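Heads up: the sequence lines are chains A and B, in that order. When the letters of the first sequence are read in order and numbered with my numbering, they come out as residues 1 to 482. When the letters of the second sequence are read in order and numbered with my numbering, they come out as residues 1 to 428.
Just so you know, these hints were derived from the structure itself, not from any lab. It is possible that part of the hints are untrue.
[To be verified] Below, computed lysine-lysine pairings styled on DSS-like, alpha-carbon distance capped at 25 Å:
# : chain 1 : residue 1 : chain 2 : residue 2
1 : B       : 94        : A       : 142
2 : A       : 29        : B       : 77
3 : A       : 192       : A       : 29
4 : A       : 205       : A       : 29
5 : A       : 6         : A       : 74
6 : A       : 105       : A       : 6
7 : A       : 29        : B       : 209
8 : B       : 73        : A       : 74
Predicted model only: the values in this text are computed from it and were never measured.
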Amino acid sequence: MFDLLKQACEIATREGCRFADARYLDISKQRIMSRDQALSGCNDSEDSGFGVRVLYQGAWGFASSPNYQAAEVKTVVALAMQIARASARALREDGVNWAPEAALKLNFQSSCERDPFAVSLEEKADLLVSANEIMLQNESVKRAQGYLMFKRVQRWYVNTEGSELHSDVTSSESVIWAIAVGNDDFQERNWKAPSSNRGFDAYDKAEFLLQAERVAAQAEEKLSARISPEGEFDIVTDSENLSLTIHESVGHATELDRVMGYEVSMAGASFVTRDKQGEFQYGSEQVTLMADNTLEHGLATQGFDDDGVPGQRWEIVKDGVFQAYSTGREFAHYIDEQRSRGCSRADHWSSIPIVRIPNLLLMPGKQPLSPDELIADVKHGLYFEGMDSFSIDQWRLNFQFGGNAVWEIKNGKKAGMLKAALYQSRTPTFWNACEATCDANHWQAHGVMNCGKGDPMQIAQMTHGAAPTLFRNIRVCRGRDS
Amino acid sequence: MNRQQCEDLIAGILQTSRAGELQVTLNGVDRLGTRFNDCAISQNALKLQHTLTLSARLGQKKTSLSINRLDDKDLIKRSIEQVFANCAHMPDDKELMPAPGNLIETPEHAFSASAEQIDIDTVGSWVAAACRAGGSANIDLAGLLSIQKMFTAYGDSAGGFAYERSHNCDYHVTASDSHGSGWAEHKGVSLRERDVLRATRRAIEKCSKAQNPVVFQPRPTTVILEPQAVGDLLSIAFWYGFDQRAADEGRSAFSNHDEALGNLSLYSDPANDLFPTLSFSSDGQQLGKSIWLDHGHRQQLVTSRYWAERQALEAKPSPANLILSGDGNNLQKLIESTDDGILVTRFWYIRPTDPKTLGFTGMTRDGTYRIENGIVTHPVVDMRWNDSVLRILKNVIASGIAVATGEFSAMVMPPLKVAAFNFSSLSS
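Take the sequences, apply the hints, and build the full model.
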């Protein structure tokens, strides 16, 4: 499979390109959806093709094709060079400063004990429909739904520096949810089986059925929950809820391309300007956020990125202080770093790589601490579980998050459920209000499979992890009038 | 691919398949995309993508399979066999409907002869001209110029067929410096260099008026939402809230809700002059004019064929565009009629907060200004808002002239003047 990619790089070198790389991807996807006692859809897709990126006359050009044949390779390289010439009409003053990287030969395969594409449709249908049937046993539940999604991406990468890389990554995702309908309200409650780079072995029917029963009961309970109070409260977030907050307020904020203005027109910029590196108090001393693109089962663990840089591990925030950005080879020089952090990824063979959030993990507390002990320290507050409404400004400062289920905390214990609760804060205020996070026994990883960035938008995946965590004096508001 | 090529390919596939019912969709897109920031091109790409989707039905079982290689006859043959083989393993779905079998009229409202002629060099030269304008103004420009040349074909074993070409052109640009930012766009099925330069000048002007914003304490306030903000809000509200079955089953903001939502009409029409679209849906249904709100009164919402048959309603597929009627006032007149308010250029990161009330949150972005005594007096710091779309529509005081917009789908929206819009906190 490498031969034609090498040929593309050889042609580019011969034609005077300073750098070129070529990627061939073979992508298989399956998405199975359930609605009550039926499957409402089963969609398979097979998608393959290659893309060639050239740095020519100081400008980037990129072209791609689904036809992986020798003649087409020549055409695509020529087209990429023509596009680079068009790009050269508006060149960056300081040109492209491409961080060096040693030639690498690597073959990466994610762990997949049970190939999801080899599992029968009957078994997958049984998993989803059985969960739906359990949810529908609750009389308040009028709609039960779910889906399973599997993706396998095989990738071959070659560049003009001599790298030859191959990866074979299988990812899985599943969600079930119940919608309860009452006299004058309806409420949804879901359970996400943590998405990961694993196969069907990630799923256990007994767990689905258990969660289905819980989800249905809590959907019903949400119907009669009282509307959230407003004001300043201590809040405790579970690991799933906090994983999205980590993603939005730290992951995106510390992508160096955003800081340098490359995403200004769509995804936005960042308040984490370069002068903050090594000095800025991002959070309290309890906050250490580790980037880890070598994490087992991590969704961003792909062996290497689409600049040909292997996965790495580094601290983005250490003991509350901002340390380092996520970078690609085009961006490392902006912060005088000699090497990329290996975060440049494209979502398709026809897409250009951009800087993406790595697997990003809030490290667990060093002292033994359970969720019950954490909650016991709250006199009046809210406990947020699961992901719900999420929104953050283009500087990654002002954010507002909900929870899929929220409870009031009174005198150190979870009291009744609340609905329409939201917490609203500014990123440094929030993370500096972090008082404690539970120990490693309560730490969990959760996946984000639909991170949108770029223009046109590309979709990426990554894992975030956390233990239940306590934040003091956070503003709580509500999405519905009382 | 032209009509004849698509017709031949689909006919060949339908002929091969004798086991059950088949629906075939062919999509092709050639996308020229040039991205720029800091007045320089950062990404420039040509994307060619073809997708063949086969949806097979055996009795009450259905599956689909997509491939992107249309030149590989063996792969297509294997895919047909595979999709039917998968189908046999599915449980029954009583809601499955047979293929519609419609011969669809395709007037190609969304085809633009001028857009068809645009090539990568043209795109590069237009972006370079925009960048020069930014350089002259000493302002950073960032944005995207994208031209999509598309075809879509559909055929089914009940005799249905449709083929249509279309275009989608998008130029949006953010002008910024360290003291503020402005934004503008041009959307539609065609694009000329003068559209690019006009939007660029508008973004630069917006930026120049957005310098050093001051704090406006967030509170319920009269706002004038420019068309982009209205489009961003209504596109997501429509996606979450405008389904007939959900309304009938108590799972929607429109369940047991008959109150009029102001006086504006919301409808879809593939033949709309400003932002026309394809004439058929991906499952072979004709898209006609559909009215969702008639002078504020809710009409029948998006209705699947299954639900339509069960409830004795007309099927109404998901639309390809949304159009909100306006009163025809120009933006300046709306501003002059406002004693105390906020002018919003665009929104960002709108997400639902409460499906029961169609509650949403979002931020203002790239040009938010104070209006005092009918004049735009100064820029204000961006703000978060939390409000209900039902309430926003009821609180519309006046509206303007609709223009083409839409970040993710085709929208034709006027500016709206809305009372008591709920700003809730400060942004950056």
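Hint-by-hint comparison with the structure:
Taking the CA atoms of residue 94 of chain B and residue 142 of chain A, the gap is about 17 Å. The hint holds against a cut of 25 Å. At roughly 19 Å between alpha-carbon atoms, residue 29 of chain A and residue 77 of chain B fall within 25 Å of each other, so this suggested pair holds. At roughly 19 Å between alpha-carbon atoms, residue 192 of chain A and residue 29 of chain A fall within 25 Å of each other, so this suggested pair holds. At roughly 22 Å between alpha-carbon atoms, residue 205 of chain A and residue 29 of chain A fall within 25 Å of each other, so this suggested pair holds.
At most 25 Å may separate the alpha-carbon atoms for a hinted pair to count; residue 6 of chain A and residue 74 of chain A meet this at roughly 11 Å. Among the hinted pairs, residue 105 of chain A with residue 6 of chain A is consistent with the structure: their alpha-carbon atoms are about 13 Å apart, no more than 25 Å. Taking the CA atoms of residue 29 of chain A and residue 209 of chain B, the gap is near 48 Å; set against the 25 Å cutoff, the hint is violated. Between the alpha carbons of residue 73 of chain B and residue 74 of chain A the distance comes to roughly 24 Å, so the proposed pair stays at or under 25 Å and holds.
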